[in-house]
Each structure stands twice: as structure tokens, then as C-alpha cells.
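If you're matching positions, the sequence shown starts at 1 in the working numbering and goes up one per residue.
FYI, nobody ran anything at the bench for these hints, they're computed from the structure.
Please read these numbers as outputs of a predicted model, since none were measured by experiment.
Careful: at least some of the hints might be erroneous.
Okay, the calculated beta carbon distance ranges per label pair [said to hold, decoys possible]:
| # | residue 1 | residue 2 | range |
| --- | --- | --- | --- |
| 1 | Met110 | Tyr180 | 23 to 31 Å |
| 2 | Pro56 | Val32 | 19 to 27 Å |
| 3 | Arg220 | Val193 | 30 to 38 Å |
| 4 | Ser73 | Gly198 | 18 to 26 Å |
| 5 | Gly271 | Ser215 | 22 to 30 Å |
| 6 | Arg111 | Asp286 | 34 to 42 Å |
| 7 | Thr225 | Thr315 | 17 to 25 Å |
| 8 | Arg50 | Lys96 | 47 to 55 Å |
Below, in silico cross-link-like pairs of lysine to aspartate or glutamate (DMTMM-like), each with a Cα-Cα straight-line distance of 20 Å or less [said to hold, decoys possible]:
| # | residue 1 | residue 2 |
| --- | --- | --- |
| 9 | Lys319 | Glu204 |
| 10 | Lys319 | Asp286 |
| 11 | Lys301 | Asp113 |
| 12 | Lys96 | Asp55 |
| 13 | Lys319 | Glu130 |
| 14 | Lys301 | Asp55 |
| 15 | Lys96 | Asp113 |
C-beta atoms are modelled at their ideal positions from N, C-alpha and C, and glycine is treated no differently.
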Amino acid sequence: MQRIPVAILGATGAVGQRLVSILFDHPWFEPVALCASERSAGKPYGQSTRWMLPDPMPQAAATMAVRGCAPFSGPAIAFSALDADVASEIEEDWAKSGRLVVSNARCHRMRVDVPLVVPELNADHLRLVERQPYPGGGAIVTNPNCSTIGLVMALKPLDDAFGLRAVNVVTLQAASGAGYPGVPFMDLIDNAVPYIHGEEEKLEAEPIKILGRLSADGSRVEGATFGVSAACHRVAVSDGHLEAVSVSLERPADRASILRAWMDAGADTDGLRLPSAPERPLVYIDAPDRPQPRFDRGAGKGMSATLGRLRPCSTLGWKFELLSHNTLRGAAGGTVLLAELCVVKGLVPRAAGFAVLGEAMPELELEPALA
1 MQRIPVAILG ATGAVGQRLV SILFDHPWFE PVALCASERS AGKPYGQSTR WMLPDPMPQA
61 AATMAVRGCA PFSGPAIAFS ALDADVASEI EEDWAKSGRL VVSNARCHRM RVDVPLVVPE
121 LNADHLRLVE RQPYPGGGAI VTNPNCSTIG LVMALKPLDD AFGLRAVNVV TLQAASGAGY
181 PGVPFMDLID NAVPYIHGEE EKLEAEPIKI LGRLSADGSR VEGATFGVSA ACHRVAVSDG
241 HLEAVSVSLE RPADRASILR AWMDAGADTD GLRLPSAPER PLVYIDAPDR PQPRFDRGAG
301 KGMSATLGRL RPCSTLGWKF ELLSHNTLRG AAGGTVLLAE LCVVKGLVPR AAGFAVLGEA
361 MPELELEPAL A
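Take the sequences, apply the hints, and build the full model.
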């Protein structure tokens with residue numbers, strides 16, 4: 001079966017390695033290029049990468065020569081796991097060359113014409129690419145911050161059912177969220193660090209865009225009207241961001257109706273048969289001490305958000321805990337799911353001829369390309 005050729009930008013880093021692990025076994029996508037800095041270019045990936053995942057490096061990846069990050073012919077999609085300080089220009093160059101860039105970097109997330117998408121929640125925001133200036137079907141779409149994704153997955157059903165007035169969130173974020181080598185050992189062991197550079201600002205701004213409404217002409221997102229206050233902490237956990245959330249609702253709600261809103265929430269991915277979409281995006285555990293990173297980060301193969309401890313809040317109304325896997329749902333896995341959504345929405349012009357679409361999704365009619 002012919003698959004869609006893709007490149008992975010920043011393939012040697014922590015998120016890049018997750019992308020390698022996922023994409024070399026993906027039914028729709030075929031990695032044809034692993035790209036990194038010039039100091040790694042020309043070397044076999046296995047020699048230029050310090051592999052940090054528990055699963056072995058795919059053999060096909062280990063022998064592939066690393067390339068630089070400048071655009072070249074071949075890939076239809078560029079998955080970007082680049083550091084933010086270099087991502088902006090490189091991603092623009094790929095989009096200008098007529099490719100779809102699916103980015104995990106923060107550089108373009110808040111641009112007016114760039115969709116910031118959680119596929120289950122706001123797939124319609126992909127219409128923003130119609131406003132982008134790139135030729136030949138080129139576009140940039142972005143995956144949110146790792147701590148934002150689990151939060152908005154929990155908030156969207158509440159906003160739809162009751163309306164949100166205010167949100168307060170305190171995060172306990174895993175060490176892997178800092179990349180590699182990340183936070184120094186002596187700073188984190190037997191400790192918690194109550195500061196992550198830029199994290200609170202992203203967590204306060206991104207949900208407003210994601211849960212906002214697309215304007216009637218599809219030109220912009222009209223931001224949600226509730227406010228978010230965030231306090232972010234780095235803790236000595238390998239993977240899994242735990243968040244304590246309090247919400248003020250516009251309309252009255254009891255515990256049963258909130259649980260029903262979460263469990264009955266539909267998803268924009270329903271019926272699309274996307275390989276990475278979890279069967280249940282939200283999981284609720286009715287236990288006094290859950291969710292916990294060690295036990296719950298793997299829910300839905302790491303793609304579900306786990307909720308627990310729903311209870312009254314004496315100041316805002318209701319509070320609960322949530323957990324999501326920061327490098328799967330919050331980074332590489334979320335980026336791959338977003339790329340799958342883009343394929344079925346017609347945002348990969350050169351994908352229509354690939355057998356994967358006819359073989360893997362025989363009952364699905366592709367939407368016409370957005371242009």
C-alpha cells in the first residue's frame with residue numbers, strides 16, 4: 001500500500017523521536033526524510049541520535065541519513081518538532097514550497113491566519129488556511145501547548161453545556177516537557193519548580209483561541225469570552241501533566257450533569273476513522289486519588305485525557321483533576337492526529353492519489369481541498 005511521504009523536522013530531539021516512533025509504523029504516512037541541524041546532516045540517524053524512548057529505534061530510521069531542514073522535493077507533509085528559536089523561518093520555507101506543515105512549535109500558534117487545533121474540538125478552524133499566503137496548497141497548522149490540550153479537552157464540553165465564566169488551573173508538569181537534557185538533576189529531584197518559562201502565558205491564551213468561534217467569513221477566530229488564570233510547576237515525573245482545575249459556570253450544573261456532559265460529548269473526529277484518534281477522548285475515574293501519572297497517562301494509548309475528583313469548589317463552583325500524556329497527546333501523537341485530520345479535510349493536495357485513502361478509508365468521501 002502506497003503511503004503519503006512525509007519529512008520529520010527536528011527528528012533527533014525528544015518530540016522528534018516520538019514522531020519517528022509513531023510514523024515509521026503509521027498506516028497512512030511514510031517518513032522519507034529525517035531532518036535536523038547541519039551538525040547531524042549526512043550521518044545515519046542511529047549514530048546522530050541519543051535515543052530516549054523505551055521502545056527500540058525503528059531499524060529503517062536507524063540507517064536513514066539525516067538531512068538538513070531546508071525544503072526539498074518529495075515530502076507532501078512536514079512534521080515540525082523544531083525548537084521555537086529556529087522553527088518560524090524553516091516552517092515558512094516549507095509552506096512557501098507548497099507543503100503542509102504540521103507544527104508542534106509555538107511560533108505560529110497565535111497568528112491570525114494559522115489554525116490552532118485539537119482535532120476533536122475545533123476542526124472547523126482549519127478554514128483559516130484559506131487566508132494564508134502560501135502557493136501550491138502550502139499551509140501551516142499548529143498543535144497546542146502540551147498543557148493546553150488536556151485542559152481544553154475537559155473545558156469544551158462544559159462550555160457547550162453550561163457556558164464558562166472563569167477557569168483557574170494549577171499544573172504539575174512532567175520533566176519530559178522540558179525536552180532533553182531538560183531541567184538539571186539537582187534542580188528537580190526532591191523538589192518542585194514553580195516556574196516554567198512562557199508556560200503560564202500560553203496556557204492562559206491558547207484555550208481562548210481554541211474554544212473561540214470561527215467568524216462567518218472564515219477569516220479569524222473570535223476568542224472565547226471566559227478568562228483563564230494559570231500557575232505552572234515542573235515536577236519529578238517522567239511523563240504526564242497533572243492539572244488541578246476550578247471552573248465558574250454561566251448556568252447551574254450538578255455533578256451528574258457535568259459527568260454526563262463529559263461522557264456524552266461528541267467529537268469532530270467521530271466517523272472519520274483516523275488511526276490516532278482515541279475511542280474515548282475523555283475518561284473519568286471515580287476514585288479519591290486518581291488520576292495519577294504512573295497509572296493513567298497511557299489511557300487511550302496515551303491519547304485520552306483522564307479526569308477525576310469532580311467536587312464542589314467553595315469559590316468558583318466546581319473543581320476537578322485531569323491528566324494527559326504530554327509527549328503523546330500533548331506533542332507527537334497530537335501532531336500526527338492533526339495531520340490525519342488535514343488529510344481527510346483535503347489539505348494535502350498531493351495525497352488524493354495515494355492508495356492509502358482508498359484502502360484504509362473505503363467508506364469515507366474526502367472533502368474538496370480548501371483553496
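Here is what the structure says about each hint:
{"no.": "1", "hint": "Met110 with Tyr180: 23 to 31 Å", "verdict": "holds, 26 Å"}
{"no.": "2", "hint": "Pro56 with Val32: 19 to 27 Å", "verdict": "holds, 21 Å"}
{"no.": "3", "hint": "Arg220 with Val193: 30 to 38 Å", "verdict": "holds, 36 Å"}
{"no.": "4", "hint": "Ser73 with Gly198: 18 to 26 Å", "verdict": "violated, 35 Å"}
{"no.": "5", "hint": "Gly271 with Ser215: 22 to 30 Å", "verdict": "holds, 26 Å"}
{"no.": "6", "hint": "Arg111 with Asp286: 34 to 42 Å", "verdict": "holds, 41 Å"}
{"no.": "7", "hint": "Thr225 with Thr315: 17 to 25 Å", "verdict": "holds, 20 Å"}
{"no.": "8", "hint": "Arg50 with Lys96: 47 to 55 Å", "verdict": "violated, 32 Å"}
{"no.": "9", "hint": "Lys319 with Glu204", "verdict": "holds, 17 Å"}
{"no.": "10", "hint": "Lys319 with Asp286", "verdict": "holds, 14 Å"}
{"no.": "11", "hint": "Lys301 with Asp113", "verdict": "violated, 32 Å"}
{"no.": "12", "hint": "Lys96 with Asp55", "verdict": "violated, 35 Å"}
{"no.": "13", "hint": "Lys319 with Glu130", "verdict": "violated, 39 Å"}
{"no.": "14", "hint": "Lys301 with Asp55", "verdict": "holds, 14 Å"}
{"no.": "15", "hint": "Lys96 with Asp113", "verdict": "holds, 15 Å"}
The structure fails hints 4, 8, 11, 12, 13 (numbered hints given earlier, in ascending order).
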